[in-house]
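A.B. asks: Since each chain comes alone in its own frame, lean on the hints to assemble the complex.
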Amino acid sequence: RKEVEQDPGPFNVPEGATVAFNCTYSNSASQSFFWYRQDCRKEPKLLMSVYSSGNEDGRFTAQLNRASQYISLLIRDSKLSDSATYLCVVPERNTGRRALTFGSGTRLQVQP
Amino acid sequence: DGGITQSPKYLFRKEGQNVTLSCEQNLNHDAMYWYRQDPGQGLRLIYYSQIVNDFQKGDIAEGYSVSREKKESFPLTVTSAQKNPTAFYLCASSTNQGIDEQFFGPGTRLTVL
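So the protein lines, in turn, are chains C and Z. If you read the first sequence in the working numbering, its first letter stands for residue 1347, the second for the next number, and so on. If you read the second sequence in the working numbering, its first letter stands for residue 40, the second for the next number, and so on.
Chain Z with its partners taken away, still in its complex shape (with noise of 0.2 Å):
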């Protein structure tokens, strides 16, 4: 089956630490996405990379980093730089064919503790 994956679905940092957010597509989608998602709040966009070695910043992607040497791969890095991380984050994936509809991993639900 074609689809998103992310991993881990919890993960729990201590103040100061770096982690990692994995998020892997099988649908061969060239550009690929990271939100961010507060409680009650729309989703926001950190990172985005429309092909491979290639990303740009969204619109919060300070305390943030990504690489993209795989078409299949997009994995986050939260750093320690991030001021309030504890949120869900998303990963998403689409063409570059004109069609914009974006499709979403399941979320990693990251708490700092």
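Same shape as in the complex, but just chain C (with noise of 0.2 Å):
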């Protein structure tokens, strides 16, 4: 099993949708979680911290699931603008070094 999973997608939805992505990881001792979204050939950039049961910051929720061990992105009235590679990134734990274990990621093309 892969240390983070995703469904590479892509999802397409029309404007104004709303849509779910989700995440497994194989590590039951993470903690913390994350959310980057990336555009097309640019850097991720942090969209959401998940430290405890979710997050939610406007038309953005993340939910966390620690027993199925998965984490989920809900975005609601999807805009154009919103078309972009999602990342799930989970923080490595137990491995005595601090570093991020990245999805390969989801896509949403979102359609006018």
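Treat each hint with caution, since some may be false.
With a Cα cut of at most 25 Å, we get these calculated BS3-like pairs of lysine-lysine [claimed, not checked]:
| id | chain 1 | residue 1 | chain 2 | residue 2 |
| --- | --- | --- | --- | --- |
| 1 | Z | K48 | C | K1391 |
| 2 | Z | K48 | Z | K122 |
| 3 | Z | K48 | C | K1388 |
In case anyone wonders, no lab produced these hints; they're calculated from the structure.
C.D. replies: Below you can see the structure in the form of structure tokens.
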């Protein structure tokens, strides 16, 4: 099993739709999680941090299910500008290094 | 403005040449990282440094070298020993204060001709 797994998509949705992505992780010791957004040929940028059961920021909601070891990202009222790849990121634990493990990303395409 | 800069943005190299990618940050972060990203893939850790004058190999260090002589700078050298160097290289930094978020520079796209 990969350490962090995501559905690569693409998710093609119309403007205004609600879309959700899931991410599963293998290290049960992980305590915090991140969603990064990456535009085509650009660097990843931090979208949301998740330290407890979830986090909400405007149209974006991240939820954590520790028992099932998955994190979800919900985007409401999708905008054209939300089109990007969303990376699920899990800090390493019990490895002796402060490193992040990145999923391969889920691509979202919002259509007019 | 605080941030991370990488140069050059695009780099072309002939096979057999070494090249050095620059990464500078003025965020006063202790930790710095180098990642490689291939099309359709996640980021893979090449090297990281948690403090000046110290660095550690990541998951794919073969064919790469780094130095960390100053807190602000963490250059990456791609040597001729790296078999498939064409990729998007990303530098990141973070604090060592228990917060794990990393902040990325704009990246260098390296193409070997």
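A.B. asks: For the pair supplied as a hint, K48(Z) and K1388(C), is the alpha-carbon distance within the 25 Å limit?
C.D. replies: With Cα atoms ~11 Å apart, K48(Z) and K1388(C) stay inside 25 Å; holds.
A.B. asks: Check the hint pairing K48(Z) with K1391(C) against an upper bound of 25 Å on the C-alpha distance.
C.D. replies: Satisfied, since the Cα-Cα distance of roughly 17 Å is no more than 25 Å.
A.B. asks: Given the hint that K48(Z) pairs with K122(Z), does the C-alpha gap stay at or below 25 Å?
C.D. replies: It holds: about 21 Å lies between the C-alpha atoms, which stays within 25 Å.
Every hint from the earlier list agrees with this structure, and none is contradicted.
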